[in-house]
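Trainee: Sequence:
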Amino acid sequence: MSSRSIYRTLRPVLSSSVVSSGLGTGHGINGHVISHLPTIRFLSSDTSSSATGNRLPENPVRTADGKVISTYWGIPPTKITKPDGSAWKWNCFQPWDSYKPDVSIDVTKHHKPANFTDKFAYWTVQSLKIPVQLFFQRKHMCHAMLLETVAAVPGMVGGMLLHLKSLRRFEHSGGWIKALLEEAENERMHLMTFIELSQPKWYERAIVFAVQGVFFNAYFLSYVVSPKLAHRITGYLEEEAVNSYTEFLNDIDAGKFKNSPAPAIAIDYWRLPKDATLRDVVFVIRADEAHHRDINHYASDIQFQGRELKEAPAPIGYH
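Residues 1 to 319 (this note's numbering) make up the sequence shown, in order.
Calculated directly from the structure, the hints in this document are not laboratory data. Each residue gets a CB set at the ideal place from its N, CA and C atoms; glycine is no exception. Be aware that a few hints might be false.
[Unchecked claim] Calculated lysine-lysine pairs in the DSS-like style (CA-CA distance at most 25 Å, straight line): (1) Lys-79 to Lys-274; (2) Lys-201 to Lys-139; (3) Lys-178 to Lys-228; (4) Lys-67 to Lys-79; (5) Lys-100 to Lys-82; (6) Lys-256 to Lys-274; (7) Lys-258 to Lys-139; (8) Lys-201 to Lys-129; (9) Lys-310 to Lys-165; (10) Lys-112 to Lys-100; (11) Lys-228 to Lys-139; (12) Lys-256 to Lys-129; (13) Lys-119 to Lys-228; (14) Lys-129 to Lys-119; (15) Lys-89 to Lys-274; (16) Lys-178 to Lys-310; (17) Lys-165 to Lys-100; (18) Lys-109 to Lys-129.
[Claimed, not checked] Per label pair, the in silico range of CB-to-CB distance: (19) Ala-87 to Lys-109: 22 to 28 Å; (20) Ala-87 to Phe-209: 31 to 37 Å; (21) Ala-114 to Ser-86: 32 to 38 Å; (22) Thr-78 to Trp-123: 47 to 53 Å; (23) Asp-65 to Thr-117: 54 to 60 Å; (24) Ala-254 to Gly-317: 30 to 36 Å.
Assemble the whole structure, with the sequences as input and the hints as a guide.
Mentor: Structure (structure tokens):
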């Protein structure tokens, strides 16, 4: 008997076993209910075969206008709901990716340059800051969008190069790959939040396109040549990000910038109260940037001591 015939014979039994055993639904993570797959698929099957044809899966997922969402190999997308029973609307992050930000971090800390590498990194960042300030001045929303498109690059580049190094050397990274990729993802979510608040104009998109292309390649080369320099540069970039968001908060408090309601994506991502405002969003983003500042200065310090990152504990989950 072929594997396909075995599958068609046993599938009804397996499906009823899953449902009767309570595996069809679960409480999920942090109170979020997850609707698991209605059937178990195993061996080899062809969704276009005569056994399945064009038949839709049970309880197919549909869009707001009633259209069925495409399934992966005949398996419907997982349904996730919030604790209050409402549907989870975000595909860019899941409930278990959300978190309560640590806003108690010291946002005034500064790493004083102690050697030539530190001074080179510091003055490089200070030089880059001049044209940015001249262009954006007090246009905080535009500045924030450009800042986040650049800030999400170092973590991705560092995580990628450490990933390749781990493969070449057949060794663990000590968790640093995950820590740096978490940083990159967190920075990207900052951008997704600001996009909800202000749609960038065509010339702002053009600037992002150009700056990201130059910065990515420059940072990639600097990380290949000297990871400790690259992390120190990122540490100083994050210090400037903290300063920029502090100015943003001061202008909101002074009434120079409208304190509009927080977008829904920010409320779900940072687990903010439903009546949260733009000030609350900027406040938690500033805390995130301060954490990234500490991560990168820490990584640079490790390497300045002549050690590899894998020898020190990686700050996983440290936003």
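Trainee: Next, verify each hint and record whether it holds.
Mentor: Against the structure, the hints:
1. Lys-79 to Lys-274: holds, 23 Å
2. Lys-201 to Lys-139: holds, 13 Å
3. Lys-178 to Lys-228: holds, 18 Å
4. Lys-67 to Lys-79: OK: Lys-67 and Lys-79 at ~16 Å, within 25 Å.
5. Lys-100 to Lys-82: Holds. Lys-100 to Lys-82 sits at ~16 Å (cutoff 25 Å).
6. Lys-256 to Lys-274: Holds, at roughly 24 Å.
7. Lys-258 to Lys-139: holds, 12 Å
8. Lys-201 to Lys-129: Holds, at about 22 Å.
9. Lys-310 to Lys-165: holds, 11 Å
10. Lys-112 to Lys-100: violated, 30 Å
11. Lys-228 to Lys-139: Status violated; Cα separation ~33 Å.
12. Lys-256 to Lys-129: holds, 22 Å
13. Lys-119 to Lys-228: holds, 13 Å
14. Lys-129 to Lys-119: Holds, because 15 Å separates the two Cα atoms, which is no more than 25 Å.
15. Lys-89 to Lys-274: holds, 15 Å
16. Lys-178 to Lys-310: holds, 12 Å
17. Lys-165 to Lys-100: Roughly 33 Å between the alpha carbons, so the hint for Lys-165 and Lys-100 is violated.
18. Lys-109 to Lys-129: holds, 19 Å
19. Ala-87 to Lys-109: 22 to 28 Å: violated, 41 Å
20. Ala-87 to Phe-209: 31 to 37 Å: At roughly 34 Å between Cβ atoms, Phe-209 and Ala-87 fall inside 31 to 37 Å, so the hint holds.
21. Ala-114 to Ser-86: 32 to 38 Å: violated, 52 Å
22. Thr-78 to Trp-123: 47 to 53 Å: The hint (47 to 53 Å, Cβ to Cβ) holds, given that Thr-78 and Trp-123 are roughly 49 Å apart.
23. Asp-65 to Thr-117: 54 to 60 Å: Taking Cβ atoms as reference, Asp-65 and Thr-117 lie about 57 Å apart, which means the hint holds.
24. Ala-254 to Gly-317: 30 to 36 Å: The hint (30 to 36 Å, Cβ to Cβ) holds, given that Ala-254 and Gly-317 are roughly 35 Å apart.
When each numbered hint is compared with the structure, violations occur for hints 10, 11, 17, 19, 21.
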